[in-house]
Amino acid sequence: MKETLKSLWQELLGDSVRAFGVVSLVLLVSLAIAPAKNHFSEWRRYQQGYLKLIRNRSDAVTLQRHFQGGIQQIWLPDLGVVDRCTSCHVGLKEASLNDVNVQPFRPHPAIPHKLDQFGCTMCHRGQGAATTVAEAHNSTLAWEQPILPTKYIESSCGECHHEPLAGAPRLNQGRQLLSRYGCVHCHTVKLPDGKIVKPTDDPPSLEHIADKTTREWIYAWLKDPQAYASTATMPNFKLSDDDARDMSAFLIANSTPAPGDTIALSTKASSDAAAGASLYGESFCASCHAVQNAAGNMVGGDIGPELTRIGNKVRPQWLQAWLRNPRAYDSGTSMPHYRFNDEQVATLSGFLLAKTDSDLLASVHLDAATPERIARGKRLVSDYGCVSCHEIAGIKKPENFAPELSRVGSKPVTQIVFLSDMPHTLPDYIAGKIRQPRAFSSGLKMPQYSFTPAEIDSLTTALLALNERSTTLPRSLNVSTTPESNYEPAGKAGKLMTDLACFSCHRINGRGGDMAPDLSWEGSSVQRDWLVKFLKNPGTLRPALIRRMPRFNLTDSEVNELTDYLMTVYQNPAIDSDSMPLSGYSQGEVELGKQLFYGKYSCQACHIVDTKNDKGYIGPTLTQAGSRLAAAWTYQWLKNPQALRPGTIEPNRAMGDEDARAITAFLMSQKSGDKKKVAKK
Amino acid sequence: MTRHNLGPVKFLVVLLATSAVTSCSHKSESAPLPKPTAFGAAIVESTGGKQTAQTGARLPQPLVVQVNDEQGNAVSGALVQFAAALGVTFDPPSGLADSGGQVTTNISLGERAGHYQIIASSYDRSHKKVELRVEEIALGYQQTLGRHLADQYCERCHNPESTVAQVSNYDNLEVKPHPFTEGETFNQISDADLTAVISHGGPALNKSALMPPWGNTLSKSDIQALISYIRAVSDPPYVPTS
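Protein chains in written order, with this note's numbering: chain G, 1 to 681; chain F, 1 to 242.
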């Protein structure tokens, strides 16, 4: 071996000329490495492939003219974007390549942003400055963020857009779930503009829980909330029998009677099921509460709790007191204070108490609560963070009970402990954590939710949007949410509106629900007499609607109080109610309006005026429009509906003054009790 | 001595190679296919075809197929495998027909918008392949926005099917609107004509005035999004003419 080396040395570097020659040669070769590497680089190969692809196409000339060789780069210093992706993805802007199905040559699908203004990595992540496939797409030692899988792509929209976005349903759903399922009770989520995300569920206070339900029910509920109500938003804490036993003991022992003499009020629950069902229907309980029918489908809304097995849960006296006035037990409830009389309370409570599942509590037999068990229960209630959501006397709400999630979308992968069968990426970790939170280590407290895979994808999308980069982007890109206003109606009428929980369904001045019409301009839009009648006995305006305004059994003075307030306070400044009369239009005008209504504008597609011939039921029925609507409102509405109610689906017909006046005249001629037939069109 | 030195190096190389081979083989090795206990003669679709979902997302409902014998009776125990273009994933990718002859899989579509053909296949007694082809539709950003707008403004009249939450107005209309899936109709109408009829109402194409104009309510890009959605759900599929 030594000999061979020696002779090799002699051969190559034996004398100075030889050495010089060899060294020069080595130098030359090493100098050639860099250009060669460049010549054989991936992006060049792709660009050659692209040219070959377009060569024989009919649009080759245009495509060739657009093509620019060499490394391409989108540089946007404001956004921190240095993207060279277009070096290989050469056809991104060529819509005519739509039929091409091979990457990296597909054109970019239509999106609302321009590539030159946002680059690629703003949405797709990955390493923009890289010029090889592996470095650009995958995580490397020097770069952690790989390309974002398509199913999470909407998370990037969410870095700037904090408001609901029509084209990003997964992001919207994820955000809604974060609030609806109360994730943000335990995990703080602070948006880049400093706003804290608020929960939209309303977990009840447990201070008087013994009034409402039994220890057995609490036990069954703690063990498996979804067994009681499949729509329950409370997660499963996977408690042992002993834990649930002791926690239920504590909650009952810790409960104090609600103020007010509720039990003395109780009447005997009626067993008239038919009357109960009809009162349940008439009161439109199903607008907010769901019940699972025999076919397994949920029927009803999700504002209030599901009532399928309510008879297993509530104490009869509590239910009756609640039906009589829910605000006596919970002043902040979204349930309206129906003015039910004793008979109605008996009927409705009887109907609801019959909704039971004989299996639910059949196997629950709890040992008596001892002081030790109660003490242990208290410790567990405190440990599991029950007070993050529920008010419980004697336990203080913990600060930062769970990790803050405001930057979870840029959690370093190196800090994550993955499960053994899990791809090592952040989205997989977040999704896995939501799917099976307790699997990551023993002793974790995060409960088990029963989200569907699609919901987990949506939640992951929403969480990935909460990242470091979203805080460093220019403020001008930030599209904030409009915060829910804290508008409070004033005076006696205001108190009445709170008591009736108007805001649970109606929106006024930026506050309230979206089930029923926005009432911000109600005073300008309707006539006083109609409103009085409607509040006394709400009829239906929209034939196809199943959720309707319930009857609250208001007294005359309450109706007057409310009407006066609505009519005077909720006025649109742009509408002068004196500018158009309610009657006195000429027969010619009315006739012209009718022709326009049925002909040019074909309003009967959605509205009914003549109940014999018209069938459209998308918009409200207009049979009594002349007794219900204000003329000036009608006129302005016809000219531009969205100006009065943004987002309403009635199309803006850009109606001229004359047409709008004529149709107003025709609609004002439709008075209630006025049997004057509307001649066939 | 040199030979002696090479020993550990060789050992290391061998170790690296074997570990590479084992790790590779571990990766490529998918779950072993279950052994079929029966064979059918045909696969038919039960539910789950012609669904739409966003690109990369799971279809809202699983695909359920059924294996039948020559007489059309369900066969349990036959092996069904699912396949599709790159990027489509199945959960599970294969399965044995249950007691009702059915196999269920959840499908996530690929990252490209458009139609995806799903192939469910099985073998009959003579080891001949039997197949079922089902189509699913992936919506990109523009089509998703279009779907949102269609739900809000159009479907109440254009979709004849009523649900509890959304009662259809279709039956109330004297001149019936065309459901958006009706390819025979929509594929004949150019983008320009569709834009005109959406913006200016039915009369723009000499059609019913019951279709109102939306040009003052929807933006140009909204209308474009709507058209791209209508094109996406068209059955038979829309083929651009240019």
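Be careful, since some hints might not be right.
[To be verified] Derived Cβ-Cβ restraints for the label pairs, each shown as a range:
no., chain 1, residue 1, chain 2, residue 2, range
1, F, 176, G, 586, 55 to 61 Å
2, F, 128, G, 296, 53 to 59 Å
3, G, 41, F, 176, 57 to 63 Å
4, F, 86, G, 66, 24 to 30 Å
5, F, 164, G, 180, 16 to 22 Å
It is worth saying that the hints were derived from the structure and are not from the lab.
The structure presented is a predicted model; accordingly, all values stated were derived computationally and were not measured.
We treat Cβ as the ideally placed atom computed from N, Cα and C, and that holds for glycine.
Now for the hints, and whether the structure bears them out:
no. : hint                           : in the structure
1   : 176(F) with 586(G): 55 to 61 Å : 37 Å, violated
2   : 128(F) with 296(G): 53 to 59 Å : 40 Å, violated
3   : 41(G) with 176(F): 57 to 63 Å  : 60 Å, holds
4   : 86(F) with 66(G): 24 to 30 Å   : 27 Å, holds
5   : 164(F) with 180(G): 16 to 22 Å : 21 Å, holds
This entry does not satisfy hints 1, 2, going by the numbered hints stated previously.
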